[in-house]
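**Student:** What follows is each chain in one-letter form.
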Amino acid sequence: MHLSYYTTVALAFSIYISGIIAIVRFKQIPEKYRPFVYLIWIGCINEVISVYLAFRYHNNIICSIIYTLIESLFFLWFFKKLKLFDGRNKKWLYFLVVLFVGIWIANSFFTDSFATDITYYFDIVYAFCLVILSIRVINNLLFTERDLIKNPAFLICIGLVIFFTYQIIQRMFGLAGLKSSYEFRSNVQVLLYFINFLVNLIFALAVLWMRKKQAFTLQF
Amino acid sequence: MDAKETSFYIAILIVCAVIGVFIAYFIISIISQQRRVVKLYRENLLTEITTLEKERSRIAADLHDELGPILSAVKLRINSLDISEEDQDEIDKTNTQIDNLIKRMREISFDLMPVSLTRKGFAVALKKFIDYVGESSNLKINFKYTDIKITQAQSINLYRIVQEIIHNTVKHAQATQLDIELKAEKNMIILSTNDNGKGFDYDVTSKQASGLGLQNLLRRTEMLNGKMYFDSKKEKGTIYSFEIPIAYDENKANQNNFS
Chain C
852 MHLSYYTTVA LAFSIYISGI IAIVRFKQIP EKYRPFVYLI WIGCINEVIS VYLAFRYHNN
912 IICSIIYTLI ESLFFLWFFK KLKLFDGRNK KWLYFLVVLF VGIWIANSFF TDSFATDITY
972 YFDIVYAFCL VILSIRVINN LLFTERDLIK NPAFLICIGL VIFFTYQIIQ RMFGLAGLKS
1032 SYEFRSNVQV LLYFINFLVN LIFALAVLWM RKKQAFTLQF
Chain W
186 MDAKETSFYI AILIVCAVIG VFIAYFIISI ISQQRRVVKL YRENLLTEIT TLEKERSRIA
246 ADLHDELGPI LSAVKLRINS LDISEEDQDE IDKTNTQIDN LIKRMREISF DLMPVSLTRK
306 GFAVALKKFI DYVGESSNLK INFKYTDIKI TQAQSINLYR IVQEIIHNTV KHAQATQLDI
366 ELKAEKNMII LSTNDNGKGF DYDVTSKQAS GLGLQNLLRR TEMLNGKMYF DSKKEKGTIY
426 SFEIPIAYDE NKANQNNFS
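Sequence order for the protein chains is C and W. Count along the first sequence from 1, then add 851; that gives the number in the numbering used here. Count along the second sequence from 1, then add 185; that gives the number in the numbering used here.
Hints are computed from structural coordinates only; laboratory data are not their basis. Certain hints may be false.
As the list claims (entries may be wrong) - From the derived model, a few chain C residues whose C-beta atoms are all more than 12 Å from chain W:
#, residue
1, 989
2, 1027
3, 1035
4, 1066
Unchecked claim - Distance condition first, Cα-Cα at most 30 Å in a straight line; then the derived DSBU-like pairs of lysine-lysine:
#, chain 1, residue 1, chain 2, residue 2
5, C, 1064, W, 278
6, W, 288, C, 883
7, W, 371, C, 931
8, W, 313, C, 878
9, C, 878, C, 1064
10, C, 878, W, 288
11, W, 419, C, 1063
12, W, 371, C, 932
Where is the CB? At the ideal position from N, CA and C, for every residue including glycine.
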């Protein structure tokens, strides 16, 4: 499966749909969704820098490595805002921050592939943690929300489950095929471009549904 | 890619497709399951609140229509007795006690289910309740409303919602002013209240015993298929807003008749 450079850029730039909606609707977006909105904007900037680096130096790996760390920490902040780390669960937040930063440093600086390849191990670990945290949020929402389809947190978490499940698979097969041809590895990567596009559309819908006026509901 | 890599790649595609189907099934099933639970929850709530209101209505009617006349008859009979001047003082005291008893009984009956609510509707009953609160507290209440055709179930639940808000404002908010507005907008009943009290933190209050009043508001709103919004800041008062679908249906109106 071969995709032209421009098609991959177009698929990656679909993040701009939610980025633009977030700019237009920023005043109506509640405080708890702000970390997600900031992350969307960082994602938009990252895409531009990645394209520039790829165009200028034919390598944007460094950009991707730094972005994944920022992304993982912003998602932890987002889950904190969704009250997932309240009370007794607060220690989990510190644990995950230390875990992410630790693995990222180990994977980035203490392997042979520094700045030449993706941080496979870090990507698998943080994707796994984000999927678990998303499922926890979805479970909580089942008992408090009445209309899940219109709930931004639900849509974001569904998007995260889809994207990061595929990221785990892709990185696993990427690792398994490290000694395979460049064509094979880029074909495995292509799958994630389409998933990324689908998830960006889900995120755009989530940003569209973010309302400052929040209805209060009873738990079942 | 060579033949080995191609077959490996096809295996990856199949794994991804299978996982995609699992995720899609997972999403669809949790949404449909949650909708079923919400429906069941609302039905249970409807049964619970309807039973409660029916029982309140019955007790209120018994107090108002049976005990009231009996007490009045007792008072009449006592006054018709031929008594000496010495006993007149005792009779006067008894008369005062019976009057107090009748007054208190009417108050309890009104609190349980105002006759005006079932006979004259929400606005009239609420005005009466506001007058009553005005006499017994320092709270000044402004009530603005437009005439909307609503079912009896809606009018009783809306009345209970406002009653709870007024009760909370008097008891906890230390407010001197409460504005209540009822209007119709885009097929929705909009009920909004705004006080100048001390405000509160929803997360803190909802976990305390005083959060029962809030839960009551939410249950009533849920039962009416509506939404409750509120905004409260320390020393800046509390604003409640309720959006209830009008959807007036004569059949439903008769079905949910509590009286």
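**Student:** Going back to the hint list, which numbers does this structure go against?
**Tutor:** As far as the earlier hints go, 1, 2, 3, 4, 5, 6, 7, 8, 10 and 12 are violated by this structure, in ascending order.
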